[in-house]
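*Asks:* Sequence:
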Amino acid sequence: MTMQKWITSIYAGAGFDASAKAKDDIAKIGVAAGYKPIHVFFYNDNGESDAAKISRIDGLTAGLNSGDMVVIQYPSWISHKFDTFFIDQMNKRGMKPVVFAHDVDSWRFESVKNDFDEIEYFNKAAVLVVHGPAMANRLREEGVTVPMVDYRLLDYLDDDHSWDKYEISIDTFQREIVLAGNLFKSNYLIDWPYDTPATALGVTNDELANRLNANPKVTYGGAYHQWDLINHLPRAFGLAWDINLEGKSYADYTNYNHPHKVSLYISHGMPVIVPKSSAVAPFIEANKLGFALNSLDEIDDIVLRTPDDVLADTLTHTAQMGRLLRDGWFTANALQQAERRILDNDFNPAGLTV
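Numbering follows the working numbering, with no gaps: position 308 of the sequence shown is 549.
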């Protein structure tokens, strides 16, 4: 029987969380590449028996047969027990599970580190898809033994390919920064001391919004669903710079992950500013997609004093990369790598590259 390919499509409802779009985009890219969707709806599984959970999973995957390849988007947001039962059932029934790791939650959250063995979970995969070399190297150090492939950047699909909308010229570029996302991870904007104007868009509360707006250099522009958000982004630098919070190692985590907001910015023609220590920094610098800083104290020099010709070149490279992100190139490439690992892990690409 021919191997069929499947991918989990996780629906958690509309919201402001970028993670929902990331998972939805990956499912759409998979389906376009010939994968069949497994529709997983978010639900509260507290109190559900193990037998009921397994029965639910078997129902969701009734169409799968032994030998099929199934891409599991992790985490599902339902529960780690659900995630564990899901991959266990795939292995028990003879499927070949590929875990597409959106995050390594035990590196971000103390609560997960204490309650769930993520390394054990990852080792149940036939192939693990990760963000890049930094994440892969640490996972190897912590005990992951399964083959890994990386996708470098999360894609950011958009059906509107209007170049004038998503590609920025030096004449229309604004020398300021925008930060989109969970603003509690970026509350340093409250005391933003720099000459560079800053716009903040995303999740907050009344107190934080008022404190942001009290700073004359900062404008809080509100929170929007993903498709509304892109219409409120200024043509400026996109900032991806998190801080740690109690029990939540957001800043440390950027040393290993590639933030979805970086893809949001680049896919819409906006060069990015990231920490020099971040995992995404080498890719940003090598492809001229923005700047990596040792400290935010360098931001005025970059934003306000980068020569026009350097900035114009950066905008050109960012526009070109944005086309790849809007078309789903990175995910499609990662899925092809995972499939090759499943079908022939000893494949030698000699002669196929130049």
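Derived by calculation from the structure, the hints in this document are not laboratory data.
A hint or two may mislead.
So the derived label-pair ranges between C-beta atoms look like this [stated by the list, open to error]:
1. 354 with 545: 34 to 42 Å
2. 457 with 551: 24 to 32 Å
3. 406 with 300: 37 to 45 Å
4. 558 with 484: 34 to 42 Å
5. 587 with 277: 23 to 31 Å
Taking lysine-lysine and the DSSO-like style, the derived pairs with C-alpha atoms no more than 30 Å apart in a straight line are [unchecked claim]:
6. 406 with 354
7. 262 with 277
8. 458 with 489
9. 426 with 333
10. 365 with 269
11. 269 with 529
12. 354 with 262
13. 354 with 517
14. 406 with 365
15. 489 with 406
16. 426 with 458
17. 517 with 529
18. 246 with 269
19. 354 with 489
20. 333 with 246
21. 406 with 294
22. 294 with 262
23. 294 with 333
24. 365 with 458
25. 426 with 489
26. 333 with 269
27. 246 with 365
28. 322 with 406
29. 406 with 333
30. 426 with 294
31. 354 with 458
32. 458 with 322
33. 489 with 333
34. 458 with 294
35. 406 with 426
36. 322 with 277
37. 333 with 322
Computed from a prediction, not measured in an experiment: that's the story for all the values here.
All C-beta atoms in this analysis are idealised placements derived from N, C-alpha and C, irrespective of residue type, glycine included.
*Asks:* Among all the numbered hints in the text so far, which are the ones the structure does not match?
*Replies:* Result: hints 4, 6, 9, 14, 15, 21, 24, 28, 29, 30, 31, 32, 33 and 34 break, sorted rising.
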